[in-house]
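Here are the chains, one letter per residue:
There are 4 protein chains.
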Amino acid sequence: MGLTIGVDIGGTKIAAGVVDEEGTILETHTVPTPSTPEGIVDAICSAVAGAGGGHEIEAVGIGAAGYVDDKRATVLFAPNIDWRHEPLKDKVEQRVGLPVVVENDANAAAWGEYRFGAGQGHDDVICITIGTGLGGGIIIGNKLRRGRFGVAAEFGHIRVVPDGLLCGCGSQGCWEQYASGRALVRYAKQRANATPENAGVLLGLGDGTVDGIQGKHISEAARQGCPVAVDSFRELARWAGAGLADLASLFDPSAFIVGGGVSDEGDLVLDPIRKSFRRWLIGGHWRPHAQVLAAQLGGKAGLVGAADLARQG
Amino acid sequence: MGLTIGVDIGGTKIAAGVVDEEGTILETHTVPTPSTPEGIVDAICSAVAGAGGGHEIEAVGIGAAGYVDDKRATVLFAPNIDWRHEPLKDKVEQRVGLPVVVENDANAAAWGEYRFGAGQGHDDVICITIGTGLGGGIIIGNKLRRGRFGVAAEFGHIRVVPDGLLCGCGSQGCWEQYASGRALVRYAKQRANATPENAGVLLGLGDGTVDGIQGKHISEAARQGCPVAVDSFRELARWAGAGLADLASLFDPSAFIVGGGVSDEGDLVLDPIRKSFRRWLIGGHWRPHAQVLAAQLGGKAGLVGAADLARQG
Amino acid sequence: MGLTIGVDIGGTKIAAGVVDEEGTILETHTVPTPSTPEGIVDAICSAVAGAGGGHEIEAVGIGAAGYVDDKRATVLFAPNIDWRHEPLKDKVEQRVGLPVVVENDANAAAWGEYRFGAGQGHDDVICITIGTGLGGGIIIGNKLRRGRFGVAAEFGHIRVVPDGLLCGCGSQGCWEQYASGRALVRYAKQRANATPENAGVLLGLGDGTVDGIQGKHISEAARQGCPVAVDSFRELARWAGAGLADLASLFDPSAFIVGGGVSDEGDLVLDPIRKSFRRWLIGGHWRPHAQVLAAQLGGKAGLVGAADLARQG
Amino acid sequence: MGLTIGVDIGGTKIAAGVVDEEGTILETHTVPTPSTPEGIVDAICSAVAGAGGGHEIEAVGIGAAGYVDDKRATVLFAPNIDWRHEPLKDKVEQRVGLPVVVENDANAAAWGEYRFGAGQGHDDVICITIGTGLGGGIIIGNKLRRGRFGVAAEFGHIRVVPDGLLCGCGSQGCWEQYASGRALVRYAKQRANATPENAGVLLGLGDGTVDGIQGKHISEAARQGCPVAVDSFRELARWAGAGLADLASLFDPSAFIVGGGVSDEGDLVLDPIRKSFRRWLIGGHWRPHAQVLAAQLGGKAGLVGAADLARQG
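Chains as they are written, first to last, in the numbering used here: chain S, 2 to 314; chain R, 2 to 314; chain D, 2 to 314; chain Y, 2 to 314.
A hint or two may mislead.
Which copy is meant is left open, so a pair is good if it fits within one copy or across any two.
Said to hold, decoys possible - Straight-line C-alpha distance at most 25 Å; calculated SDA-like pairs for lysine to any residue:
1) Lys276 x Gln292
2) Lys276 x Pro35
3) Lys144 x Ser255
4) Lys276 x Arg239
5) Lys92 x Ser36
6) Lys92 x Gln225
7) Lys72 x Glu39
8) Lys72 x Arg224
9) Lys72 x Asp124
10) Lys276 x Glu28
11) Lys217 x Ser47
12) Lys144 x Gln191
13) Lys72 x Arg187
14) Lys72 x Gly3
15) Lys276 x Ala74
Treat the hints as calculated values from the structure; they're not laboratory data.
Just so it is clear, the structure is predicted and the values come from calculations on it, not from any experiment.
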């Protein structure tokens, strides 16, 4: 099979990219993300047409946030778009005249990393994506494992604190409330509020107020050694690593891949995560340890993964 | 392939059973469990010989508590026997002259239930075994998933309470401290101590003291409606169901099978677990729900599963 | 001393009442609560004038939500009004020409119950007020204990769940997130959402939707035996009783008084709280147990208590 | 009044000391701690006689671990001695012919610090004693507050982690399981086990094994900058400071005094506790902050405090 198109539906833009079988993106086309479900279908088709023109495309893979059913056809529920049992595959296939595969976006990103990124050479890999929230994907025996009904690998919503923080999903204590970009900002704000004298660098990078603290400020401040920023990353890592230890008890993969915006910080965040992982790993003296690797494809993982899943059919 | 032998290594006895390809046990032989590693190898061989005499046996499967390596040959670590990197497969093969497969006992039991018990007809099944502790096994795509290094499915040791109860594994807050037979007894003792006026039936079934409360008393008292016993089962179910909800977020199986001594109580314990599972399931309105089934093979699941795994080679 | 006036500043109205030395309210006058700090001072004075006309008044006591300083003069911080270091005593004294005492409203309510309600005859009493939030007051040795700086007895903000629910105070896991009217509604909504078949009565009392559930519906439904409502009260009681057990370890009072809207439900909520208190009380076999009593003055406790504190000077 | 004797009942020895009204110890006499209740009464009397000979003594104060009743006469329950409703005051008075006051040992130590140590000049002080366990005492309005039944200030047993670590008291999640000398050793062992490469200094100070780690090694290693030791103190401080913040919400004292073996480490442990206290203090921007002071009397606080309480009668 030759070229396929991967589509990544983001909060502000929809990107379509032509991808070859080596995972190389030959051409991309992006359009703004509309606000209505029908508008989004239009935009997807428009992006596909924009990217695919002049190429011989064999299939389209779409990565979408939310629950995708076991046939990889219907979005059962999307958190940010008003999709409820949306037959996305059928709608797009009718419009673009190509086979379409729909996949959860974190699953697609995991597959991308497994095939062309940090996961190459591993048969059993768990990817976690630490962005605004926390998602992930499961590869066991060189296959993406989607669960019986398509909604596996919802890592962000395992309960790590009984009676803990309220989550957008309606439950409490979900992992993504403690190990995500949003959590990082909360950690920094709480600490800057309690001990402003340790947050000088951090506050100086923004507008000077605690409310003005943003994720990028925390990363930069941590690099400069700002105690509040360093401590906030340590807290994030404490929860991320402990969760990976749980996933090791469950899945026992040969590698974890940590992606999402947080992984862009590299060892600044990965080293504390690795340390925390070792701290909490059960039976660590008696078992080989999974590696904890940084993702390699950055924001392209989902698009590339979706394209490759479409190629595989 | 014809007949195989499954071996179950228990705390007090070692049972070997001749099993046909329908999962039927044709003959069993049990010997007491010795205290030394070498003694146990002797006992295994003796049990195998005792059961297999007069049958044409093609292979032997051994279920052992602990970490078993990815080659299903070596016990990396056993909690109750002094096995550390014990090459059990080689030792037994040399003695019995048959191919041997070693498997974690909870994995073997999961496989038994999948093949011949409650899991028949399901491709993706998660089994949990609630006995003294809590173990389990993972079947995805009709295969037992052992992890890259053989030590997957250690369900009992995911952390459900940060800074929680100390576990025999050295960590804190492990699920098996909250959802196991031992936990049930703790719940009952704490409640009987605080409100003895609600524990009359329960105390009357034992020696009348809180310290004398045993698991079997709690089951019987719950059946008679004793408030402390009922409440203790409800607490166990609260934790068991919440953990299943986490496993649903991760694995999305079509069914959970609940085995171990606790499942012998049937709906007395399964109904509260089902209720708690629904209470904590994420996104329950938007996804098909996994069934929560009682195991069917009872204490034979491990032996039958080990025999069948040996048959599969 | 003869008559004094107590003032209760509520979210929608400000009530002033003339109170005699037996705690009897002779006359009350209420005005709507304005939105600005200065407007509220005006309204307080207007209410005092309205109630006091024709009576010989000797002092005024004002109960206000928030931190009141050690001189009972300045509101350091109020959660719902834009008061920051507001010299309320001076402002009102200048206007009404009477001695004024400012007190935290939950402290005032505690004092009211101690003097004229459920606390009569006790020297050492802890009051908790379970309303929308959770507050309280401390009487030790027949005196209201305000702390060195005036801000003691902030019961609602002790941390009962590390990394728990976000609180309006900026911290996490505060007791009032788990034992308050707001918590009760959350419990009911979560349960109704997960198991609507057990919430029929509850949903029928409102508009039929989970979002439409209100506190009054839960009380009524619990009285009718609706499982979700009963279970929600039990959850509230679980946290309330466990917290009282902590307060018993700290203060060892002879009685706890439970007031606020929740106490209006009487034994429907008090019995589960008592049971939970006993469940969690440390060393319960070796110590006398504090009584857990329902408040007797209802919504008048704060006004009466403030008036009496003013009388005491 | 002139001289009084204070008695401190320790696990290995019983010390009696003659104390003047300035809190100065003029003479001490120690005897080994017997194992039986009656033996201990004998030993107390013997120690009193040994210390008091040649002095004119007016009263005896005894500090004892456990619940002491409201009459300061009877030990209701002692954790380490087989005392249950033991009329200690009467027994010793009959033998020594002097008025006797019995007090909880942590209360006595708190009183000692308030009168002659770090608490001088404060009217409202909370003392916590971080030794093997965690205890404390409450001074409000210049009086020791013992509760209605004598068993107040059991700080170590407030619940800081629901479903947390099992405590010797039978409950779970008690503060002393997280902020005590025993907890510190647990933290160090867990960390040394997980990351031995960061525990070189710590392990080198003992016998080289994780099991051999003792409290004194952790202090010394922390002073040398050993990462595992420093991190263990930080974890202790995290819990100690958060608990102090809760006590500030409840008692609002002008000062906390931190005593017990842990306070011997001075700012090594107090600075992280202060930082954690500020981190968790509710409403810290709007209220004066209590000071967190190191105890000054060391192991003598209980003896001196008991003697002074006897003097006060």
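Here is what the structure says about each hint:
no. : hint            : result
1   : Lys276 x Gln292 : within (12 Å within a copy, 35 Å between copies)
2   : Lys276 x Pro35  : neither (42 Å within a copy, 40 Å between copies)
3   : Lys144 x Ser255 : both (14 Å within a copy, 18 Å between copies)
4   : Lys276 x Arg239 : both (9 Å within a copy, 19 Å between copies)
5   : Lys92 x Ser36   : within (17 Å within a copy, 53 Å between copies)
6   : Lys92 x Gln225  : neither (50 Å within a copy, 49 Å between copies)
7   : Lys72 x Glu39   : within (21 Å within a copy, 52 Å between copies)
8   : Lys72 x Arg224  : neither (45 Å within a copy, 44 Å between copies)
9   : Lys72 x Asp124  : both (24 Å within a copy, 15 Å between copies)
10  : Lys276 x Glu28  : neither (40 Å within a copy, 51 Å between copies)
11  : Lys217 x Ser47  : neither (32 Å within a copy, 52 Å between copies)
12  : Lys144 x Gln191 : neither (41 Å within a copy, 36 Å between copies)
13  : Lys72 x Arg187  : neither (38 Å within a copy, 36 Å between copies)
14  : Lys72 x Gly3    : within (23 Å within a copy, 38 Å between copies)
15  : Lys276 x Ala74  : neither (40 Å within a copy, 31 Å between copies)
The structure shown violates the earlier hints numbered 2, 6, 8, 10, 11, 12, 13 and 15.
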